[in-house]
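S.K.: Residue numbers (our numbering), protein chains in the order written: chain A, -13 to 96; chain B, 48 to 160.
Because the hints were derived from the structure by calculation, they are not lab data. Fair warning: there could be bad hints in the mix.
What the hints assert, rightly or not - Okay, the calculated beta carbon distance ranges per label pair:
(1) T93/A - L160/B: 27 to 37 Å
(2) G15/A - A100/B: 21 to 31 Å
(3) L160/B - E65/A: 32 to 42 Å
(4) S105/B - Q31/A: 21 to 31 Å
(5) T49/B - L(-4)/A: 25 to 35 Å
To be verified - Partial list, derived from the structure: chain B residues whose beta carbon lies under 8 Å from chain A:
(6) G87
(7) P90
(8) F92
(9) Y95
(10) A146
(11) F151
(12) G152
As the structure is a computational prediction, the values presented were derived from the model and not from experiment. Backbone N, C-alpha and C define an ideal beta-carbon position, used for all residues, glycine too.
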Amino acid sequence: AQRVTQPEKLLSVFKGAPVELKCNYSYSGSPELFWYVQYSRQRLQLLLRHISRESIKGFTADLNKGETSFHLKKPFAQEEDSAMYYCALKGGTSYGKLTFGQGTILTVHP
Amino acid sequence: DTGVSQDPRHKITKRGQNVTFRCDPISEHNRLYWYRQTLGQGPEFLTYFQNEAQLEKSRLLSDRFSAERPKGSFSTLEIQRTEQGDSAMYLCASSLQGAQPQHFGDGTRLSIL
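Given only the sequences and the hints, what does the whole structure look like? Please build it.
M.R.: As structure tokens, then:
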């Protein structure tokens, strides 16, 4: 079975501070990991995926297979980063269904 | 292209009634997914279509739920004899085949009175 755990439901930081949203997963094969973001009154949208190894809006995430983690990081948080963030896993044997974590609400204070 | 479109945005109904939701995926996307999201939880997978074929169904999809994608374009999700526990946000997503990301719609929020 595949499972995604986001241990923090709420995370608050001040503008300019570093931020790290934690994600741990459980999967026996080689997963594909994603971060999705939902801004206020907007639809869920893809932020980044581990196979792209890119930085989007200053965010990066590295897949650590040893620790089964895919933490999302940004060195200097901005107020516009305030949103709900979901970590999601796609197993290699499925047709692409995503297994989501419970989500973390990030609030960046001015 | 406006992205994945879902209709209606909100549905309020009495327990025991049937409801049907519609999803129009991004054109050319041959994969279509339905998810359900309850308060405080992430989306949970319900079912998946590749073109018109329903290829995977979650155990969450009881026999009161049925989904179709008759011509490989739009999809409908029907819930018969609704129950209180069906209250949730129902999300639709679509993608191209291969290692392509899923694009989500705004969802249909179902409230059972």
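S.K.: Each of the hints needs a verdict: does it hold here or not?
M.R.: A quick look at each hint next to the structure:
Taking 27 to 37 Å as the suggested C-beta distance range, the pair T93/A and L160/B conforms, at roughly 33 Å. Restraint check, G15/A to A100/B: a C-beta distance of roughly 24 Å satisfies the suggested window 21 to 31 Å. The hinted window of 32 to 42 Å between L160/B and E65/A holds, with their beta carbons roughly 38 Å apart. Range check, S105/B to Q31/A: about 23 Å between beta-carbon atoms, so the 21 to 31 Å window is met.
Distance hint check for T49/B and L(-4)/A: the Cβ-Cβ separation is about 32 Å, which falls inside the suggested range of 25 to 35 Å. This hint holds: G87/B has a C-beta 7 Å from the nearest C-beta of chain A, less than the 8 Å allowed. With 8 Å as the threshold, the beta carbon of P90/B comes within range of chain A, its nearest partner Cβ sitting at about 5 Å, so the hint holds. For F92/B, the suggested interface contact is upheld, since its CB lies about 4 Å from the closest CB of chain A, less than 8 Å.
The criterion of a C-beta within 8 Å of any C-beta in chain A is met by Y95/B, whose closest approach is roughly 5 Å, and the hint holds. Among the interface hints, the one on A146/B holds; its C-beta lies about 7 Å from the nearest C-beta in chain A, closer than the 8 Å criterion. A distance limit of 8 Å between C-beta atoms decides the matter here; for F151/B the minimum to chain A is near 4 Å, and the interface restraint holds. With its C-beta approaching chain A no nearer than about 6 Å, G152/B sits inside the 8 Å limit, and its interface hint holds.
Hint compliance for this structure: every hint is met.
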